[in-house]
Each structure stands twice: as structure tokens, then as C-alpha cells.
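A.B. asks: Respectively, the protein sequence lines represent chains L and G.
Counted the way this note's numbering counts, the first sequence spans residues 1 to 268.
Counted the way this note's numbering counts, the second sequence spans residues 1 to 461.
Derived from the structure by calculation, the hints contain no laboratory data.
Careful: at least some of the hints might be erroneous.
Unchecked claim - Simulated pairs of lysine-lysine, DSS-like, Cα-Cα distance not exceeding 25 Å:
no. : chain 1 : residue 1 : chain 2 : residue 2
1   : L       : 157       : G       : 287
2   : L       : 67        : G       : 301
3   : L       : 216       : L       : 67
4   : L       : 216       : G       : 263
5   : G       : 263       : G       : 391
6   : L       : 212       : G       : 263
7   : G       : 391       : L       : 216
8   : L       : 157       : G       : 317
Said to hold, decoys possible - Now the stretches of chain L that chain G is said to cover, found in silico as 3 or more residues with beta-carbon under 8 Å:
no. : segment
9   : 107–121
10  : 185–195
11  : 209–221
From the three backbone atoms N, C-alpha and C, an ideal C-beta is built for every residue, glycine too.
Below are the chains, spelled out letter by letter.
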Amino acid sequence: MPLKILVTAKRVEDSESKIKVNPAGTGIVLEGLKFKINPFDEIAIEEALRLTAKHGGEVVVVSIGGKEVVEQLRSPALAMGANRAIWVNHVGPMDQLGIAACLQKICEKEKPDLCILGKQAIDDDQGQVGSYLAEALGWSQATFASKEESLESEAEKSKAPAIKLSADGKSVTVVREVDGGLQTIEATLPAVATTELRLNQPRYASLPGIMKAKTKPLEEVTPASLGVDMTPHITVVKMTHPPARKAGIKVADVPALMDKLKNEARAI
Amino acid sequence: MALPPAFLEALAAFPADLPSTDAADLARYGTDWTKVYTPNASLLLRPRTTDDVSRLLKLCHIHRVGVVPSGGRTGLAGGAVAMNGEVVLSLERMRAMHPVDPLGQTVRVQAGAVTEAVHQHVAEQGLFWPVDFASKGSSQVGGNIATNAGGIRVIRYGLTRQWVLGLQVVTPTGLVLELNGALEKNNTGVDLRQLFIGSEGILGVITEATLKLTRLPEKVDVFLFAVDSLQGVLRLFEAARQGPFTVMAFEFFTDKCSARLEKHRGLRPPFEQPSSHYVVLEVEQAKPGALDAWLSMLFEKGLVTDGTLAADLGQAKALWTLREGISESLSATGLPHKNDIALPISRLSAFCVELEALLAERYADWELCLFGHIGDGNLHVNIMKPEALSKAEFLERTHEVDRDVFAVVQAHAGSVSAEHGIGLLKKPWLGYTRSPTELGIMRQLKAVLDPHGVLNPGKVL
Chain L
1 MPLKILVTAK RVEDSESKIK VNPAGTGIVL EGLKFKINPF DEIAIEEALR
51 LTAKHGGEVV VVSIGGKEVV EQLRSPALAM GANRAIWVNH VGPMDQLGIA
101 ACLQKICEKE KPDLCILGKQ AIDDDQGQVG SYLAEALGWS QATFASKEES
151 LESEAEKSKA PAIKLSADGK SVTVVREVDG GLQTIEATLP AVATTELRLN
201 QPRYASLPGI MKAKTKPLEE VTPASLGVDM TPHITVVKMT HPPARKAGIK
251 VADVPALMDK LKNEARAI
Chain G
1 MALPPAFLEA LAAFPADLPS TDAADLARYG TDWTKVYTPN ASLLLRPRTT
51 DDVSRLLKLC HIHRVGVVPS GGRTGLAGGA VAMNGEVVLS LERMRAMHPV
101 DPLGQTVRVQ AGAVTEAVHQ HVAEQGLFWP VDFASKGSSQ VGGNIATNAG
151 GIRVIRYGLT RQWVLGLQVV TPTGLVLELN GALEKNNTGV DLRQLFIGSE
201 GILGVITEAT LKLTRLPEKV DVFLFAVDSL QGVLRLFEAA RQGPFTVMAF
251 EFFTDKCSAR LEKHRGLRPP FEQPSSHYVV LEVEQAKPGA LDAWLSMLFE
301 KGLVTDGTLA ADLGQAKALW TLREGISESL SATGLPHKND IALPISRLSA
351 FCVELEALLA ERYADWELCL FGHIGDGNLH VNIMKPEALS KAEFLERTHE
401 VDRDVFAVVQ AHAGSVSAEH GIGLLKKPWL GYTRSPTELG IMRQLKAVLD
451 PHGVLNPGKV L
């Protein structure tokens with residue numbers, strides 16, 4: 001049974017860039033920063049591509065933001081192999097409720113069998129959208145999708161999907177990471193799944209893929225055209241760096257080290 | 001070699017922690033990354049000032065004690081090895097860096113400053129010292145300059161020589177020379193500074209340098225291509241030369257190299273189909289529209305079979321690791337015999353045909369790991385020791401291979417050492433690249449500066 005899968009592609013700061021809080025403490029300095037796709041979303045796209053490679057179907061990728069997010073929609077999202085993109089053109093503040101509402105409206109129109117989202121984005125680490133979306137649609141949700149095999153396993157090398165579609169095509173089996181172990185659940189479709197880092201190793205976009213992505217369909221919509229009010233319910237009040245680590249010291253010899261461990265650090 | 005008692009007595013005038021005879025120290029400081037030589041140093045000296053260096057060299061000169069200058073010891077030609085009871089003079093305590101001069105785009109540092117530390121120091125001003133290679137976390141400025149080090153961005157920036165304005169050098173008799181200061185232009189007679197750059201520590205010890213800096217590169221794209229032959233790598237290079245961008249690096253490696261990297265670290269090129277040759281291309285400021293046309297042309301003309309473009313900094317780093325990790329993985333998974341040769345770029349294609357034919361005919365069962373910069377005419381020819389051969393047999397056989405390979409290099413007017421230097425390892429082959437007349441003049445220069453031949457004895461000449 002072919003699957004229609006909707007995935008997200010959030011544009012986030014590249015974690016290899018140097019991130020600084022602005023002097024007012026209200027956000028980060030954007031000047032000179034590099035951007036990339038949220039790595040959890042990249043894993044979601046990879047999983048969707050593996051599922052449609054096996055079962056047939058279509059992968060639709062969505063991103064919300066100004067025109068710069070088209071960059072991540074084209075590459076890596078469409079370049080990796082997603083079939084088409086929907087760009088929700090929105091400049092200005094937004095929060096997780098607004099984002100989930102946009103996705104809900106798109107799902108109501110597109111009617112995917114499965115939505116796969118990153119379990120969180122690496123910029124604000126909110127981790128709310130997947131659950132809001134499942135709740136708004138009244139769909140089953142499978143959070144923190146992972147898999148039994150390691151990322152070095154043969155199963156991973158063969159690019160088999162870790163999310164398994166049942167024989168009748170009515171549900172998916174998802175392995176979840178829980179404290180100290182794994183839990184396997186079955187979720188009735190349509191469903192929302194969110195991805196863990198251990199779900200898969202995303203492919204690199206090939207150059208032919210990157211070139212083909214430039215002409216793949218990309219539909220532009222706005223929150224207004226979707227009927228969504230993006231006024232945030234949550235605002236960021238303050239941002240700070242973690243306290244700087246104190247410089248280390250050199251001790252003269254082993255007894256001095258033992259003394260410090262015992263009496264200062266109280267580690268032994 | 002027992003050191004003269006008078007020399008040892010004179011050392012009492014220095015701080016107590018300056019000399020060391022600790023066995024672990026001697027083993028560590030007596031060798032470099034070349035690995036084939038057994039270290040045998042008799043004393044380690046770690047001075048803190050140029051005055052210390054001057055007084056120590058003068059003592060070595062007076063007492064005729066051989067002394068090996070020592071930096072990060074990441075060299076691959078045995079240039080920093082002490083194997084005949086020499087004294088090792090390590091510059092590692094002299095690692096101070098002065099503030100950057102943002103207007104002149106220069107920085108003055110001591111010779112023991114680690115390359116990567118210099119990069120971080122100047123990056124705060126948006127500047128860059130474009131001497132960059134895999135061992136930058138250990139290599140030191142003094143060693144980089146003494147070996148005129150190359151690396152992965154020579155095609156864009158040239159060798160270390162281009163990025164040194166001034167030098168402070170101590171001669172083997174203890175004289176301190178201040179050469180050229182921070183001057184960009186200074187046409188006042190013979191430029192003595194250039195004598196010491198690339199001299200591999202046989203003419204003097206570099207103690208400080210004024211480095212020339214440039215702006216940090218911006219908007220860099222990193223590609224990995226799959227190509228089906230060495231000739232294909234050269235055709236791709238020709239296409240890259242004419243591409244709509246500035247080439248920062250053009251590096252290639254073979255599937256034999258990537259197999260060693262996979263065995264050692266589990267890393268492999270991110271393509272569906274394996275290929276025999278891979279190219280890492282790094283470019284600056286590609287023109288977007290023109291770049292698309294150039295990439296399409298590569299596939300239409302069949303110049304590449306597959307390719308990828310790093311989508312973020314993490315992917316760029318990962319693609320670079322496929323190339324930069326090779327040297328370490330070869331050593332970690334076997335014993336490589338390394339050659340570092342250079343050809344005029346126009347002769348590379350003909351040379352590669354002959355090299356492949358020679359190796360296929362004479363050494364068909366040997367594992368050959370070929371990689372290199374190619375964009376600047378530089379090939380790293382690595383031959384791995386077969387399991388069945390002992391180390392001694394292997395080294396003897398590689399001597400034959402070297403002779404054959406260097407004969408081809410000589411026929412194509414190439415160099416037996418592109419960037420690693422001569423040191424001990426390439427000494428037998430120096431005559432394949434430099435004429436007897438040239439070698440005679442080098443010996444005379446050495447005798448003028450170092451009449452007793454105490455500095456880095458036995459190296460190069």
C-alpha cells in the first residue's frame with residue numbers, strides 16, 4: 001500500500017557555528033551565523049524516504065519561516081528525495097501552538113497516512129509540536145522513535161525502514177527509547193511519529209539530487225491562507241550563557257592531587 | 001655518545017628544569033612521526049628565551065655537541081630524529097603569541113606556538129594564517145617554517161614561505177639574527193630570511209617569527225566526487241581550474257585509502273556505489289547560477305560518476321575527514337612506506353600513466369595507497385607492508401621501489417620530496433632532484449654558518 005508521508009524541515013543555527021547571546025539577553029546574535037536543517041528533521045525525512053522506497057508513495061516536506069527556509073526545503077530536503085514542498089511564508093514571532101496549527105491545517109488538506117517530525121529542534125529544544133499536532137488532529141502518536149539495531153548494523157546499511165508498516169497497511173510498529181531500554185508499540189494510522197537520533201543515519205544529498213530539487217514543486221502558503229493566527233502565547237523573556245568553567249590548576253604531585261580530591265572535591 | 005663533562009658543567013648556569021635526562025622524555029623527544037628510526041638522544045633541553053637558545057647553541061658549538069632542533073615533531077622525513085646521542089633542543093616552552101596587528105595583518109609569535117593555537121588567536125580578528133594541515137594540533141610554527149610546510153590549501157595560498165614576513169634566528173655559533181622585521185617590501189641585498197625557511201634546521205634555529213595573515217575565507221563549499229580513474233581525477237582538475245569559483249583545495253584519494261579509513265574508524269564515502277577514486281574539492285565564493293551549469297556539465301560529460309555537496313559545517317568536516325584521516329589510518333592499520341613527490345602539473349598525466357604501469361608490472365601484489373593534493377602537483381605514494389614480509393625485508397624492498405619511482409620522477413623533472421623535506425629518509429635520493437653543483441653550494445653555506453657541523457647533524461646533506 002503506497003504511503004503518503006508528511007515531514008518537517010526546520011531551519012536552525014548550525015551547531016558548528018559560534019552561538020552568542022545578544023547584549024540585551026533577549027536572543028542570539030544572528031549576524032555571521034550559518035544555518036542548516038534541524039538534524040532530527042533530517043532523520044524524519046530519511047525515514048520517510050526509506051518507507052516510500054519500500055512501499056511506494058509520496059513524501060511532502062513542510063517548513064515555516066521567511067524566504068530563507070526555502071534553502072533548506074530545496075537542499076537537503078527535496079535533494080535527498082522528498083517529492084514536493086510546502087512553504088508556510090511567515091516572518092515574525094511564532095510559537096509551538098501556531099506551528100502545530102499550521103501543520104494541522106496542511107494535514108487536513110493533504111491527508112497523509114503518517115507525519116514524521118523531529119522530536120525537537122536543536123535551537124530552542126521545545127519538543128512540543130509533534131504532540132500538539134497529534135492532539136489537534138486526534139491521531140495516534142508515537143514519540144521518540146528509535147530502533148533495536150545500532151547505526152553500524154547491517155539493517156542500517158541496507159537502509160531498511162525502522163518504522164514498520166503492518167501487512168494490512170492500517171498501522172505502524174515503532175520502537176521507542178524508554179529509560180534503560182526499548183519499548184515496541186503499534187499505532188493505528190493516521191499517526192504522528194517523532195524521531196530520536198538513533199533512528200537512522202540520514203543520507204547525503206547527491207549532486208544530481210540537489211540539481212533535480214531546484215525544479216521540484218514548491219507551494220507557497222501563508223498562515224492567513226491556512227486560517228491560522230500566529231500570535232504567540234509564549235515569549236522568550238531572557239537568554240543567558242551557561243556559567244563559564246573555571247580554569248584548571250596544576251598540582252605538584254600525586255599526594256597533593258589526592259588531598260584535593262579528598263578534601264576539596266570530596267570525590268574519594 | 002657521552003657528552004663532554006665541561007659541557008655538562010656549563011649547563012649548571014641554566015635553570016634546573018631546563019635540561020632533562022628522563023628516559024621517557026628522551027624517547028619521546030628523540031623521534032618524530034616517521035616511526036622507522038630508533039631514537040637515541042642523550043639530553044633534552046627546553047629553553048624559555050632566545051638568550052637561552054643562543055647560549056646553549058654557543059656551548060654546543062664550543063664543545064662540538066650535536067644538537068637537533070625540535071618542534072611538534074610531526075615531520076615525516078626523520079628531520080627531527082636524534083639517533084646518534086645528540087642533544088634535543090625543544091622550543092615548546094617558547095610559545096608566546098603577541099597581539100595581532102589588525103592594520104598590518106601580522107602577528108609576532110614564538111617558534112613553539114602550536115599552529116592551531118595561532119589559528120584560534122588570529123581568528124578573533126577575523127584573520128587567518130593559511131598554513132593548514134592535518135597535524136595542526138601538534139605542529140609548531142618554528143617547525144612549519146623550518147620545513148616550509150605545505151598542506152591542503154597550497155593551491156590557494158602557496159607554501160609557508162609566502163606567509164612569513166620576519167624571522168628571529170639563532171645561528172649554530174650563537175649569533176642572534178633579526179631578519180626583515182614586519183616589512184612587506186625590503187629590497188636591501190640578499191634576503192637571508194629565505195635561507196632558513198625550508199632549511200630543516202641545518203642552518204639555524206628559528207626562535208620567533210612575524211607571520212603574514214589574510215582574511216578568513218567566506219562562503220566555502222565542500223564537494224566530494226566519485227571518479228573512475230586517476231586520469232579522470234586529472235580531467236576533473238582541469239574542469240575545476242575553469243570553474244566559476246576560487247579553488248581552495250583539490251585533493252584525491254583511492255578506494256585502497258578509504259578501505260583503511262573504514263577499517264580503522266568505520267568511515268566511508270557517502271555514495272550508493274563504491275568508486276576507485278574520490279576527489280574532495282573545496283571552493284570559495286561560487287557563483288550560484290554558474291555553479292549549477294558547471295555541475296551539470298560534469299555529469300553530462302561523464303567527468304564524475306557521483307557527487308555530493310556538504311549541506312552544513314558538520315557534513316563539510318565529515319567529507320574532509322575522509323581525506324585528512326587517511327595518513328593516521330594507514331599508520332594505525334599497518335606500516336606504510338611513504339613517498340611525497342611533486343611533478344610539474346603539465347607532466348602529471350604522463351607521469352601517472354608511467355607510475356601505474358611500473359607498479360602494476362613490478363609490484364603487482366603490493367598494496368598501494370595513493371592520495372594527494374594533485375592540484376599543486378603533489379602525490380603521496382604509500383606502500384603498505386605485506387603481512388608476509390618482515391619490517392627489515394620490507395624496508396629493503398621499498399628502497400628498490402623508491403629507486404624505480406624516483407627515476408620516473410627525475411625523467412619528468414619532478415621532486416623527490418614535495419613538502420615533507422629530506423631529513424634522513426630522503427637523503428639517498430636528493431641527487432635525483434638537485435644537481436651536484438647545487439649540493440656543493442649548499443655544503444659551503446652550511447660550513448659558513450656551522451663550521452663544526454653541530455646543528456642537526458646528518459640531515460639533508
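A.B. asks: Decide, hint by hint, whether the structure agrees.
C.D. replies: Now for the hints, and whether the structure bears them out:
1. L:157 <-> G:287: violated, 36 Å
2. L:67 <-> G:301: violated, 34 Å
3. L:216 <-> L:67: holds, 17 Å
4. L:216 <-> G:263: Violated: residue 216 (chain L) and residue 263 (chain G) sit about 39 Å apart, past 25 Å.
5. G:263 <-> G:391: holds, 22 Å
6. L:212 <-> G:263: violated, 34 Å
7. G:391 <-> L:216: violated, 58 Å
8. L:157 <-> G:317: holds, 22 Å
9. 107–121: violated (count 0)
10. 185–195: Since three or more residues must qualify, the claim that chain G covers the segment 185–195 of chain L is violated, with 0 doing so at under 8 Å.
11. 209–221: holds (count 3)
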